[in-house]
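Novice: As you go down the protein sequences, you meet chains A and B in turn.
Using this note's numbering, the first residue of the first sequence is number 1, and each one after it goes up by one.
Using this note's numbering, the first residue of the second sequence is number 1, and each one after it goes up by one.
Hint data in this document are derived by calculation from the structure and do not stem from the laboratory.
Possibly wrong hints are sitting among the right ones.
As the list claims (entries may be wrong) - With a straight-line Cα cutoff of 30 Å, these simulated DSSO-like cross-link-like pairs (lysine-lysine) come out: (1) B:49 with A:9; (2) B:68 with A:44; (3) B:49 with B:69; (4) A:57 with B:49; (5) B:49 with B:68; (6) A:44 with A:14; (7) B:69 with B:58; (8) A:44 with B:49; (9) A:9 with B:69.
To be verified - Distance ranges between label pairs, derived from CB positions: (10) B:115 with A:53: 24 to 34 Å; (11) A:20 with B:16: 41 to 51 Å; (12) B:29 with A:39: 29 to 39 Å; (13) A:18 with B:16: 50 to 60 Å; (14) B:110 with A:27: 28 to 38 Å; (15) B:56 with A:83: 23 to 33 Å; (16) A:51 with B:115: 24 to 34 Å; (17) B:77 with A:77: 39 to 49 Å; (18) B:16 with A:27: 15 to 25 Å; (19) B:79 with A:2: 29 to 39 Å; (20) A:18 with B:58: 16 to 26 Å.
C-beta: ideal position from N, C-alpha, C; glycine also.
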Amino acid sequence: NAGVTQTPKFRILKIGQSMTLQCAQDMNHNYMYWYRQDPGMGLKLIYYSVGAGITDKGEVPNGYNVSRSTTEDFPLRLELAAPSQTSVYFCASGIFDSGELFFGEGSRLTVL
Amino acid sequence: AQSVTQLGSHVSVSEGALVLLRCNYSSSVPPYLFWYVQYPNQGLQLLLKYTSAATLVKGINGFEAEFKKSETSFHLTKPSAHMSDAAEYFCAVSESGGATNKLIFGTGTLLAVQP
């Protein structure tokens with residue numbers, strides 16, 4: 001049972017480039033989330049999804065897009081990368097009203 | 001709007017000493033409260049959660065937390081620190097029964113354990 005799998009683990013982008021962070025879960029969870037973690041700031045919610053075909057913005061959605069075509073996958077797209085998007089990105093999944101989220105190991109992104 | 005405040009971004013204790021990590025919450029509805037732990041270069045793992053049952057919640061690795069509504073607090077404690085407890089700890093809040101299950105995290109407390 002792999003849980004939540006994120007790829008890539010590390011990536012360096014140039015300003016203006018685009019990329020997609022992949023996230024897959026094998027626990028049949030309906031709820032999936034993308035957070036970014038910056039030093040001293042905790043985790044901030046970027047986007048979330050309560051099921052296939054349903055997504056919504058979190059606290060810090062600007063510069064990102066998501067899609068949820070299947071229960072398992074929840075990719076995060078960065079368009080026109082900026083230095084402010086340098087961060088560690090975590091994908092998580094969970095079930096309704098449990099509050100418990102299962103996190104991937106993170107994707108460290110640097111934009112230069 | 002919900003929020004959590006963690007007092008102390010860095011806490012240092014000696015091995016065998018009491019661990020106390022502070023968390024205060026703000027919520028207009030009955031909250032669910034959580035403590036997560038993050039070891040270096042890893043994702044977050046759930047330590048324990050409060051979901052309106054017993055106010056004293058026991059978690060993994062000997063940690064526990066007490067929900068105090070009058071003080072809007074949910075402090076994390078462990079009687080005797082171990083070197084392996086060195087990690088970053090995050091308090092989080094969500095709406096009980098909320099349709100989205102979103103967690104709002106605090107800024108984290110980095111725990112160092114000295115030999």
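Novice: What are the numbers of the hints the structure violates, in ascending order?
Specialist: 9, 10, 15, 16, 18 and 20
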